[in-house]
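Chemist: In case you want the letters, here they are:
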Amino acid sequence: MEALLEQVAQLPGLLAVSRSALVRAWDAPTLGRALEWARYFQHLHGRFRARPRLRAALGRRLRQGQPGSPLGFRHLGRCAALLGLALLENRALPPAACRRLLQSLLRPGAAAEAPSLALLARRKAASRLLAPAPRPAGSPAALEPQVRAEAQMLLARLREEEEEAEPGGGRAGEARERLRWVAGLLEQLPQPRALRVVAAALQQQRGGDEEGLRGRAGGGHVAGPLLSWLLESQERFSAFCLLLPGSLLASLAAHYSQLRPPYLDLLTAWGSRLLYDPLQGRWHNSCLGEAELSWEELRERFDCLCRGPALLRGQTRAALELLKVQDGDFHICGLSVWTDLLMEVEKSLRKEEEQ
Amino acid sequence: MAQDTAVPKLNFEYWLDKATEWGQATTLESQKDVCRHLPQLQEFLQQIYETLKHMNSIEAIQQFPLIGQLLGRLCWNPFVIGYDESQKTLMWCLCCLYSSEPQNPVELKANSWIRSLLCHLLSSSKWESNEAGTNTFISALGYTSADYYSHLVKNMVLSLVTELKGNQFNGLNIQERVPASRVSEVSLFCLPLITLPDLTPLLETLLLCHGGASQELLSSEFLDAVNEAFLKKKISLSETAIFGLWLRHLPSLEKATLYLLDQLVSIQMTSLEEVACVVKDSLLPQAASHPAIFRVVDEIFKNALLETDGAPEVMTIIQVFTQLFVQAHQNNNKQHKFPLKAYFSRHHQPLVIALLRRPFSTHCSQHLKHISEMLKTLVEDESIRSFVDLFEIWFLIARFGEWLDIAAEQLLKASAEPDALLWLLAFYYSPQNENQQRTQTMVEARGVYDQLVMLFSCTVLSVKDLQAAVHKTDTKQSCTQHLTTHLLTSFLLFSSGGHMIAQEFISHITGTSDASKEVCSLLFRTAYRINRNGERNQRTVKLVNDLLQKLTLKV
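Line by line, the protein sequences give chains A and B. Numbered according to the working numbering, the first sequence terminates at residue 355, and the numbering increases by one at each position without gaps. Numbered according to the working numbering, the second sequence terminates at residue 1555, and the numbering increases by one at each position without gaps.
One or more hints might be untrue.
Unchecked claim - Cβ pair distances, simulated, as ranges: (1) 1232(B) / 51(A): 39 to 45 Å; (2) 282(A) / 1182(B): 46 to 52 Å; (3) 285(A) / 1182(B): 35 to 41 Å; (4) 92(A) / 1069(B): 25 to 31 Å; (5) 1220(B) / 207(A): 36 to 42 Å; (6) 1043(B) / 51(A): 35 to 41 Å; (7) 51(A) / 1069(B): 51 to 57 Å; (8) 207(A) / 1182(B): 26 to 32 Å; (9) 321(A) / 1240(B): 49 to 55 Å; (10) 47(A) / 1069(B): 56 to 62 Å; (11) 1043(B) / 204(A): 40 to 46 Å; (12) 1182(B) / 286(A): 40 to 46 Å; (13) 1232(B) / 47(A): 34 to 40 Å; (14) 1235(B) / 192(A): 43 to 49 Å.
Said to hold, decoys possible - A short list of chain A residues far from chain B (calculated; beta carbon distances all over 12 Å): (15) 53; (16) 61; (17) 78; (18) 144; (19) 163; (20) 174; (21) 177; (22) 181; (23) 236; (24) 265; (25) 294; (26) 311; (27) 350.
Stated by the list, open to error - Within a straight-line C-alpha distance of at most 20 Å, the following computed EDC-like cross-link-like pairs (lysine to aspartate or glutamate) qualify: (28) 1126(B) / 89(A); (29) 1165(B) / 89(A); (30) 1032(B) / 1050(B); (31) 1154(B) / 144(A); (32) 1109(B) / 89(A).
Honestly, the hints are just simulated from the structure, not real lab data. Using N, Cα and C, we set each Cβ at its ideal position, and we do this for glycine too.
Please build the complete structure, drawing on both the sequences and the hints.
Modeler: Written out as structure tokens, the structure reads:
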């Protein structure tokens, strides 16, 4: 067993080397050996997949002493693909070794363990063919499939973590570790993209929770780190709420109770900063150029919240009423933004009921 | 195309020109043109690979100096890469061109270029560029581009399905309807990808997409390609989708029916159960619940029968099909289904109803007599003047041919009043009567029958006895020959004396290959019938199987 663990501990090193310039020194036999190792690791994965204790042991060994992204047991199963593709993209690989690589990856008779590269190439071409028509940049709908795909991979990774996490022991420290790791992951994407991916992930996870797919309460290790990351910085959360449409935010707030108070607080803060222009008869932003919502957008957000499930609706109405009272409990427009908002929201809800 | 081992130079230039013309396939015209040429291009690439794999990279460049240009251009054409196995062959070719010991800067450059192409095809960069954005995210997660594209394609399919279905739920909301041009566009992009399993939901949605237009939205190349892939079992579609395809595209339905016939005629039949399996898998009997489909399939069967002069194998296939059709119709739980008799001509309704009854063990003779009488009335009393009318009635009887086999059996077992049943068989083998052929056949058949019935209860019989009995009647017509063969075979299977001499006698009568096929078909049908009825007559079953073994070995 110890010997096995020693071997498995080689994997991170092997992957790291395959991405570095050290491969310059590799010749064809060396490459052959590396691919052998990959096949061996994949074989191990197959053998131990159904044996939780051994799996956990191997997983733990892989995680030790990892500065970069921690590897898990699952990576053993993906070894051939990981290694093969990493080597393919590494320009430092000398020609002889490269030829050997190409032969073993691409040529007919490449064993079943090797990734189906033909399928990969085909799917990539398919994604080019089926891509939605180019729309104005930044339009969310155009990016949707890509965002969803990234969200699904993120969720899958988080679920793998959850499955391999050690039950109990070092809770607080682990949670911090996990948050740092998630933050590191999301840093790889530009901020607006990262926010969309997290939103899509939370949306999908919510669907999973509702169907009772995850046994553990709230899928703590999956949604938890994402929510923590979102709420970690006020700037980030504010950017999140600005970027995404009100309907999406409302549905997330309905499901994730941790989001409700900060969201309402944020909307309150934005609302409070609006000033009324009596000449034009409308509310507008006081400071230009700051990231805030306009009156229309604010109204839309509250509208969406009030169309949510009963609990959310109740909380939102209560919050608005409280704000209205605190602001002077006026009944006519133009004096308190909260009065006006409440009136608009109630008007639109009444219209809907009549239809 | 000439099947030389060397790739004809002419073809190479042709394809290079094409590839240049197509560019990255950004205009509608170039896209349609690529799609039209995909199968031939794949063959050509296969040929190139076969040539390349025996050379090293230097020889390859010498032989095909422009190969770099060709492969390079094709790699940037998503239609080509997305099609079937073209991407595999292209990558193999690139592999062949890679040199493991580059001697000069040119070779180094070539190697580098090949690496770039492969990265373009396989890494998670965008198609046009080498943008690293998503790349680092995916590797940070510990996934590969294989995982990414798997998810991405599934999500794109989902988006498209949602977009296309948009018009189906908002039946009255016309603004929401997806424009015909969009449906057409999507079907064009799907063309190379039909055999990619991820696409199945999108294919199904497209096949059920009508948009209310009177014109066909989907291109006929698309519908053809989907049909081909389905027939070759490269994809599996839901019944609704495939029926939708056949209903909207007649050539596909015709192709499917002819394909079924070809399949069945060419396989070495070992049992009708096997045939029934193949027919059922084709989904045609189930599809035929749609009267329009039933009619088309029927026409094709009739033509096949006429063209092969009523070959027994084709007749058997039609009979099996009809049985499965009736079965599928009865198992169909849909509310709005047509009654079975609606599929057949309304002139023949009472006869149809009688034929549709499942044969049962008791009162069989009575029912057969009833059928025979109705048939006789139809044929003799009505103004059947044209060949077509007569053929229709004949075809009706023929397709429910199980009754004929039962008639032959009952003739020998239940000895009272054979005329009605004999007439049934006489009509089948000799439908026309302008020159009294049928009447003559009837007379001759009666003669044979009388002889056989006398021998039916004999427990000990010799081949000579039987032969003598048969030859007592002077049979001039060939139709009577067929009828006689039918009666004789039934005799051998169902009489106690006949069992003993069956092997020998059948070897004797199957001297000609014609009779051999007839006897074979009858044996197959009998085995099938006995198995379906769950009869316990083990002796007969064993005999049939033995005879079949001997006969099929001969062929």
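Chemist: Hint by hint, note whether the structure agrees.
Modeler: Structure-based check of each hint:
1. At about 42 Å, the CB distance of residue 1232(B) to residue 51(A) agrees with the hint of 39 to 45 Å.
2. A C-beta distance of roughly 39 Å is found between residue 282(A) and residue 1182(B), which places it outside the suggested range of 46 to 52 Å.
3. Judged by the Cβ atoms, the range 35 to 41 Å given for residue 285(A) and residue 1182(B) holds: they are separated by roughly 39 Å.
4. Evaluation of the 25 to 31 Å hint for residue 92(A) and residue 1069(B) yields a pass: the beta carbon distance comes to about 28 Å.
5. Taken as a hint, the range 36 to 42 Å holds for the pair residue 1220(B) and residue 207(A), whose Cβ atoms sit roughly 40 Å apart.
6. Take residue 1043(B) and residue 51(A): their Cβ atoms lie about 48 Å apart, and the range 35 to 41 Å is violated.
7. Under the hint 51 to 57 Å, the C-beta atoms of residue 51(A) and residue 1069(B), about 54 Å apart, fit the expected range.
8. Separated by about 28 Å at the C-beta atoms, residue 207(A) and residue 1182(B) satisfy the suggested range of 26 to 32 Å.
9. For the pair residue 321(A) and residue 1240(B), the beta carbons lie near 53 Å from each other, so the given range of 49 to 55 Å is met.
10. Taking the beta carbon of each, residue 47(A) and residue 1069(B) are about 48 Å apart, not inside 56 to 62 Å as hinted.
11. Taking 40 to 46 Å as the suggested C-beta distance range, the pair residue 1043(B) and residue 204(A) conforms, at roughly 43 Å.
12. In this structure the supplied range 40 to 46 Å holds for residue 1182(B) paired with residue 286(A), their Cβ-Cβ distance being about 45 Å.
13. Between residue 1232(B) and residue 47(A) the CB atoms are about 37 Å apart, so this pair conforms to the stated range of 34 to 40 Å.
14. A hinted range of 43 to 49 Å for the beta carbons of residue 1235(B) and residue 192(A) is inconsistent with their spacing of about 39 Å.
15. Every CB of chain B lies more than 12 Å from the CB of residue 53(A), the least distance being 22 Å, so the non-interface label holds.
16. With a closest Cβ-Cβ approach of about 16 Å to chain B, residue 61(A) is found to remain outside the 12 Å limit, as its non-interface label requires.
17. The claim that residue 78(A) lies off the interface is violated: its Cβ sits roughly 7 Å from the closest Cβ of chain B, which falls inside the 12 Å cut-off.
18. Chain B draws residue 144(A) into its interface by the beta-carbon criterion, the shortest separation being 6 Å against a cut-off of 12 Å.
19. In this structure residue 163(A) is separated from chain B by more than 12 Å, as the shortest Cβ-Cβ distance comes to about 14 Å.
20. Residue placement check: residue 174(A) keeps its beta carbon more than 12 Å from all beta carbons of chain B (closest about 19 Å).
21. Separation of residue 177(A) from chain B is adequate, the least Cβ-Cβ distance of about 16 Å exceeding the 12 Å criterion.
22. For residue 181(A), the shortest C-beta to C-beta distance to chain B comes to about 9 Å, within the 12 Å cut-off, and the non-interface label is violated.
23. No Cβ of chain B approaches the Cβ of residue 236(A) within 12 Å, the least distance being about 17 Å, so the stated non-interface status holds.
24. Interface exclusion of residue 265(A) from chain B stands, the closest Cβ pair being 31 Å apart, more than 12 Å.
25. Against the 12 Å criterion, residue 294(A) stays outside the reach of chain B, whose nearest CB is about 28 Å from its own CB.
26. With a least CB separation of 29 Å from chain B, residue 311(A) remains clear of the 12 Å interface cut-off, as annotated.
27. At the 12 Å boundary, the C-beta of residue 350(A) stays outside the reach of chain B, the nearest C-beta of that chain being 25 Å off.
28. Between residue 1126(B) and residue 89(A), the direct Cα distance comes to roughly 15 Å. Compliance with the 20 Å bound is thereby established for this hinted pair.
29. Proposed proximity of residue 1165(B) and residue 89(A) is contradicted: the alpha carbons are some 40 Å apart, above 20 Å.
30. Only pairs whose Cα atoms come within 20 Å are accepted, and residue 1032(B) paired with residue 1050(B) is rejected, the gap being roughly 28 Å.
31. Between the alpha carbons of residue 1154(B) and residue 144(A) the distance comes to roughly 12 Å, so the proposed pair stays at or under 20 Å and holds.
32. Annotation: proposed proximity of residue 1109(B) to residue 89(A) holds, straight-line Cα distance about 16 Å (limit 20 Å).
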